[in-house]
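With these hints in hand, go ahead and build the complete structure from the sequences.
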Amino acid sequence: MTPSSSRHGFALTAMTSIFLPLIALLLALPAHAQTTPLQSKPACTAPAAGNPGNACAGNPINLITGNKYQRDTDMAALPGVLGLEIVRHYNSVFSVPAVPNGLVGRGWRLSYEVELIAVGNTLQLIEADGHRIIFNRNPLNRALCSTTDPANGTLEILR
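Here the sequence shown is numbered in this note's numbering, starting from 92 and rising by one per residue.
What the hints contain is simulated information worked out from the structure, not anything from laboratory work.
The beta-carbon is built from N, C-alpha and C at its ideal position, and this holds for glycine as well.
Be aware that one or more of the hints could be misleading.
[To be verified] DEER-style ranges, computed between Cβ atoms:
1) Val-172 - Asn-212: 13 to 23 Å
2) Thr-164 - Val-190: 35 to 45 Å
3) Pro-241 - Gly-174: 24 to 34 Å
4) Arg-250 - Ile-155: 39 to 49 Å
5) Leu-154 - Ile-248: 32 to 42 Å
In structure tokens, the structure reads:
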């Protein structure tokens, strides 16, 4: 069947054309890349015992920003080189109507749902958990982008 004669074939072709470049980009990034949070405060983790300075409470919710973040592993990493796993992330920053729904619902994103957006002279990689890596365009060659931390790698814009 051709993609135009099958709704499912078209969806598969569209998903392949979207996810293959994204997977190539993710494989090019170092696994230990440091990221900055989408908001100015990092995502909440459960409070440690005896840590009165922790701004998180409950399920966890950041008491200062009001942001709720939750990570659920639906399928642990499979053995082998690729180690495929299914992890969902809920971030209340993504639950507002202005943000498109993720594949698994409003506010939820799979680990594979990563966005690359252009903002001014930067390209921003927004990860499923809400962290973003900001790549600044090189003023001498606008096709090259890098971060302040070389461990995050570089991006090259190809047309």
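Note to self: The hint says 35 to 45 Å between Thr-164 and Val-190; measuring C-beta to C-beta, is that right?
What the structure shows: violated, 23 Å
Notebook entry, point to check: Has the hinted range 24 to 34 Å been met by the Cβ atoms of Pro-241 and Gly-174?
Noted result: Distance hint for Pro-241, Gly-174 holds at roughly 25 Å.
Notebook entry, point to check: Between Val-172 and Asn-212, is the Cβ distance one that fits in 13 to 23 Å?
Noted result: violated, 37 Å
Next item on the list: Determine whether the Cβ-Cβ distance between Leu-154 and Ile-248 falls within the hinted range of 32 to 42 Å.
Entry: The hinted range 32 to 42 Å holds for Leu-154 and Ile-248, with Cβ atoms some 40 Å apart.
Next item on the list: Go ahead and decide if the range 39 to 49 Å is satisfied by the Cβ distance of Arg-250 to Ile-155.
Entry: holds, 43 Å
Hint check: violations occur at hints 1 and 2; the rest are consistent with the structure.
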